[in-house]
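Colleague: The lines below spell out each chain.
2 protein chains.
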Amino acid sequence: MKRKIQASIHSKKNEIIQLLRSFVQAESTQGNERYAQTLVIETLQEMGLDVDVWEPDGAELKGHRYFASSREEFTGSPNVVGVMKGKGGGRSIILNGHIDVVPAGDKTQWTDHPFSGIVKEGKMFGRGVTDMKGGNVALLLAMQAIQAAGIELKGDVIFQSVIEEESGGCGTLATLLRGYKADAAIIPEPTNMKFFPKQQGSMWFKMHIKGLSAHGGTRYAGVSAIEKSLVVVEHIRELERVRNARITDPLYKNIPIPIPINIGKIYGGEWPSSVPDIVTIEGRFGVSPEETIDEAKKEMKQWIEALPEADAWFSEHPPTLEWFGARWLPGSLEPEHAFMKLLSEKYEDVTGREATIEASPWGTDGGLLTEIGQIPTIVFGPGVTEKAHFPNEYIMLEDIFTCAEIIAETIIDWCEVSK
Amino acid sequence: MKRKIQASIHSKKNEIIQLLRSFVQAESTQGNERYAQTLVIETLQEMGLDVDVWEPDGAELKGHRYFASSREEFTGSPNVVGVMKGKGGGRSIILNGHIDVVPAGDKTQWTDHPFSGIVKEGKMFGRGVTDMKGGNVALLLAMQAIQAAGIELKGDVIFQSVIEEESGGCGTLATLLRGYKADAAIIPEPTNMKFFPKQQGSMWFKMHIKGLSAHGGTRYAGVSAIEKSLVVVEHIRELERVRNARITDPLYKNIPIPIPINIGKIYGGEWPSSVPDIVTIEGRFGVSPEETIDEAKKEMKQWIEALPEADAWFSEHPPTLEWFGARWLPGSLEPEHAFMKLLSEKYEDVTGREATIEASPWGTDGGLLTEIGQIPTIVFGPGVTEKAHFPNEYIMLEDIFTCAEIIAETIIDWCEVSK
Numbered sequence: 001m002k003r004k005i006q007a008s009i010h011s012k013k014n015e016i017i018q019l020l021r022s023f024v025q026a027e028s029t030q031g032n033e034r035y036a037q038t039l040v041i042e043t044l045q046e047m048g049l050d051v052d053v054w055e056p057d058g059a060e061l062k063g064h065r066y067f068a069s070s071r072e073e074f075t076g077s078p079n080v081v082g083v084m085k086g087k088g089g090g091r092s093i094i095l096n097g098h099i100d101v102v103p104a105g106d107k108t109q110w111t112d113h114p115f116s117g118i119v120k121e122g123k124m125f126g127r128g129v130t131d132m133k134g135g136n137v138a139l140l141l142a143m144q145a146i147q148a149a150g151i152e153l154k155g156d157v158i159f160q161s162v163i164e165e166e167s168g169g170c171g172t173l174a175t176l177l178r179g180y181k182a183d184a185a186i187i188p189e190p191t192n193m194k195f196f197p198k199q200q201g202s203m204w205f206k207m208h209i210k211g212l213s214a215h216g217g218t219r220y221a222g223v224s225a226i227e228k229s230l231v232v233v234e235h236i237r238e239l240e241r242v243r244n245a246r247i248t249d250p251l252y253k254n255i256p257i258p259i260p261i262n263i264g265k266i267y268g269g270e271w272p273s274s275v276p277d278i279v280t281i282e283g284r285f286g287v288s289p290e291e292t293i294d295e296a297k298k299e300m301k302q303w304i305e306a307l308p309e310a311d312a313w314f315s316e317h318p319p320t321l322e323w324f325g326a327r328w329l330p331g332s333l334e335p336e337h338a339f340m341k342l343l344s345e346k347y348e349d350v351t352g353r354e355a356t357i358e359a360s361p362w363g364t365d366g367g368l369l370t371e372i373g374q375i376p377t378i379v380f381g382p383g384v385t386e387k388a389h390f391p392n393e394y395i396m397l398e399d400i401f402t403c404a405e406i407i408a409e410t411i412i413d414w415c416e417v418s419k
Numbered sequence: 001m002k003r004k005i006q007a008s009i010h011s012k013k014n015e016i017i018q019l020l021r022s023f024v025q026a027e028s029t030q031g032n033e034r035y036a037q038t039l040v041i042e043t044l045q046e047m048g049l050d051v052d053v054w055e056p057d058g059a060e061l062k063g064h065r066y067f068a069s070s071r072e073e074f075t076g077s078p079n080v081v082g083v084m085k086g087k088g089g090g091r092s093i094i095l096n097g098h099i100d101v102v103p104a105g106d107k108t109q110w111t112d113h114p115f116s117g118i119v120k121e122g123k124m125f126g127r128g129v130t131d132m133k134g135g136n137v138a139l140l141l142a143m144q145a146i147q148a149a150g151i152e153l154k155g156d157v158i159f160q161s162v163i164e165e166e167s168g169g170c171g172t173l174a175t176l177l178r179g180y181k182a183d184a185a186i187i188p189e190p191t192n193m194k195f196f197p198k199q200q201g202s203m204w205f206k207m208h209i210k211g212l213s214a215h216g217g218t219r220y221a222g223v224s225a226i227e228k229s230l231v232v233v234e235h236i237r238e239l240e241r242v243r244n245a246r247i248t249d250p251l252y253k254n255i256p257i258p259i260p261i262n263i264g265k266i267y268g269g270e271w272p273s274s275v276p277d278i279v280t281i282e283g284r285f286g287v288s289p290e291e292t293i294d295e296a297k298k299e300m301k302q303w304i305e306a307l308p309e310a311d312a313w314f315s316e317h318p319p320t321l322e323w324f325g326a327r328w329l330p331g332s333l334e335p336e337h338a339f340m341k342l343l344s345e346k347y348e349d350v351t352g353r354e355a356t357i358e359a360s361p362w363g364t365d366g367g368l369l370t371e372i373g374q375i376p377t378i379v380f381g382p383g384v385t386e387k388a389h390f391p392n393e394y395i396m397l398e399d400i401f402t403c404a405e406i407i408a409e410t411i412i413d414w415c416e417v418s419k
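Protein chains in written order, with the numbering used here: chain F, 1 to 419; chain C, 1 to 419.
FYI, nobody ran anything at the bench for these hints, they're computed from the structure.
Here the structure is a predicted model, which means the values were calculated and not measured.
Incorrect hints may have been included.
Identical chains share a label here; the pair holds if one copy fits it or two copies do between them.
Simulated crosslink set (DMTMM-like; lysine to aspartate or glutamate; CA at most 20 Å straight-line) [to be verified]:
{"#": "1", "residue 1": "Lys206", "residue 2": "Glu299"}
{"#": "2", "residue 1": "Lys301", "residue 2": "Glu234"}
{"#": "3", "residue 1": "Lys206", "residue 2": "Glu270"}
{"#": "4", "residue 1": "Lys123", "residue 2": "Glu316"}
{"#": "5", "residue 1": "Lys206", "residue 2": "Asp106"}
{"#": "6", "residue 1": "Lys206", "residue 2": "Glu227"}
{"#": "7", "residue 1": "Lys107", "residue 2": "Glu270"}
{"#": "8", "residue 1": "Lys253", "residue 2": "Glu152"}
{"#": "9", "residue 1": "Lys107", "residue 2": "Glu316"}
{"#": "10", "residue 1": "Lys87", "residue 2": "Asp156"}
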């Protein structure tokens, strides 16, 4: 059976590379997922699966306590689920991957077009190839290999191509509200083939920092909100140091900043000749699997309230703090769980190397699957962690095939062979 | 004659306050000057002046070496000039004021609506009231008082209500290209009733500061363009210190920062969860009357090229530096010029106090009038310097009337009475 899986993966390599390139070229940034999802639907239909396609209902979602998104309207942004029905009596599994990708960023930092899908020396390049379309095609390949090997399973295999992971996970939230559950889940986010049974949560914040306007020629009569925002950025950097000094979980031992606070955007001022009176910063606040979202929010709030100690200006002009848009719940599965054991056995079996088990440096939809669905979830995928959201993002193609084999073998054991 | 001028100014106070309020309420930010200019045209026509109204020709202007603007199309943004023709044989004078105002900024910092024109305790409030519509109505009032006193002059009095002063002066440039010249000029910018025979020049710059994108969860793998922009802002602050330490002209002795470098805008980053790879800052660079625009540009360029000494990152990733949009030439008239002497005599005569002569903390259209038109120009007006571009911008109404009297008396002596 193992050899059949290997053979069918080998025979499908070129086809999968073509599929991955077409996924990348589909440029599925937020709001533009429809075309990429059409390619997913075609693939699932060719595989003979039951395909469920729907645009999540913003009105329903936004009432949910775990709703987080920068938008409330999902027309043109469908979720896609394909179910490979089992014969009954086995454990089910969810294979979850997101189709949305972050923007390309400064295009001048890319060697090729950001959505080229070009292949060089065994790597494919393009925005989203590592985060996480390479993982998605690994899932599809694993299922195709099981089919090609003529294997029928007892448990259901539920493939999900979801929107909105990069903005807070309401694509996966919508699958849960639609009733999709399983006995375990794999999310092949770019982990460098490591296993992340614990995932860092995160959430977005926005702050308005005030100054006092004046003509630039008499700038000494005003207070620059840009200069004050520098104080706020440094103050937040200090909170990051304090929070990370507390992290002792050995799963984080190789991660320089286990729960980073990233300032991702800044904007303020209206006129080069005026002293800017308001600057806005937006960022991402990492949440440890050992704390709740509310505890993390409270610590940030108290820290910002201490700003007047750094600069008396803030006592009369406190910055605002708002949690908005995206949020990813932290997720946690004990490393001794049977599903984790099975996956790492299969990893060692296929690669001949010992599995690396760590905590993830970012939030994933795994937090929603465990928190709402009570689904034991492992994040494990072929993408290159360091290249996610990076110019010249790439994936090692060979890792996709290795990952597919590990996942196929895991599915076969987990869901059990029917005949 | 002096008493006639005083009496007619006194009789017109309420009318002038109404006119000023209507100017303020016209909200003449860049691109929205038309309605305010309609009010100017009506006033000039009631005064019986020859009125010249035209939309500057962007195609013609942009070829001029002193063209500077954030736009090249002026449809809907007319210039207005009204000429009170003299009988001949006297010196002419230009009375120049700009109709454009900077945006209101953060509206929450205003007590009343930013364009209310409300009057409280002798002050009128509103964006543009001090910079410089209060000055404009002082000019109109001075001319009306001369008319009401039955005085006919030998020299021409040329009133100009120009666009674009806040964006580089191409409204005044257009008056020069249309042929308007005179033997002297007054620009009643908000000087706190001080005289500015020297005006600081200034110009706008834009810099792109590079980082390296990464996922916010592994932000240690990227380089934040926001953090690098903080280094650039501090580096520019140091250049400001160096440049200002060189200023020894006694006209600047009461000005904390004679030639400031103001960072007025900042923007960068696309996604809260990504490390930002590019941040842009825009600012205003003060130019001393003792240096040329080109010398100032060269010093800034060399200073920015030294950034790698502050942070090695910049040796491989130098920020870009671009001069764009607005620019105001420095202007300079020797304080001993006859026109300066006449104005300060009239000031002392009307107020009983000694005139204060300083260098201006900002550029005005005076640089264009002196550089292109060779017109001796004094900046002197009733507005409150500190409130220009500020929330709760206001003007002391009584200063408008005092200023109008000084200007009327100056015009009468400069242009000479015909009968």
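Colleague: Each hint: holds or not?
Modeller: Hint-by-hint comparison with the structure:
1. With identical chains, the CA atoms of Lys206 and Glu299 are at most 20 Å apart within one copy only, with a shortest distance of 15 Å there and 37 Å across copies.
2. For the identical chains of this complex, Lys301 and Glu234 are intra-copy neighbours only, at 16 Å inside a copy versus 28 Å across copies, given an alpha-carbon limit of 20 Å.
3. Taking identical chains as interchangeable, the C-alpha atoms of Lys206 and Glu270 lie at most 20 Å apart whether they share a chain (19 Å) or sit on different chains (13 Å).
4. In this assembly of identical chains, Lys123 and Glu316 lie within 20 Å of each other by CA distance neither inside one copy nor across copies; the values are 54 Å within and 26 Å between.
5. Taking the shortest alpha-carbon separations for Lys206 and Asp106, only the inter-copy value of 17 Å comes in at or below 20 Å, while the best intra-copy value is 22 Å.
6. Proximity of Lys206 and Glu227 under a CA criterion of 20 Å is satisfied in both settings, with 17 Å inside one chain copy and 17 Å between copies.
7. For the identical chains of this complex, Lys107 and Glu270 are inter-copy neighbours only, at 13 Å across copies versus 26 Å inside a copy, given an alpha-carbon limit of 20 Å.
8. For a Cα distance limit of 20 Å, the shortest separation of Lys253 from Glu152 qualifies neither inside one copy, at 41 Å, nor across copies, at 90 Å.
9. Proximity of Lys107 and Glu316 under a CA criterion of 20 Å is satisfied inter-copy only: 18 Å between copies versus 42 Å inside one chain copy.
10. Taking the shortest alpha-carbon separations for Lys87 and Asp156, only the intra-copy value of 8 Å comes in at or below 20 Å, while the best inter-copy value is 101 Å.
Of the numbered hints stated above, those contradicted by the structure are hints 4, 8, listed in ascending order.
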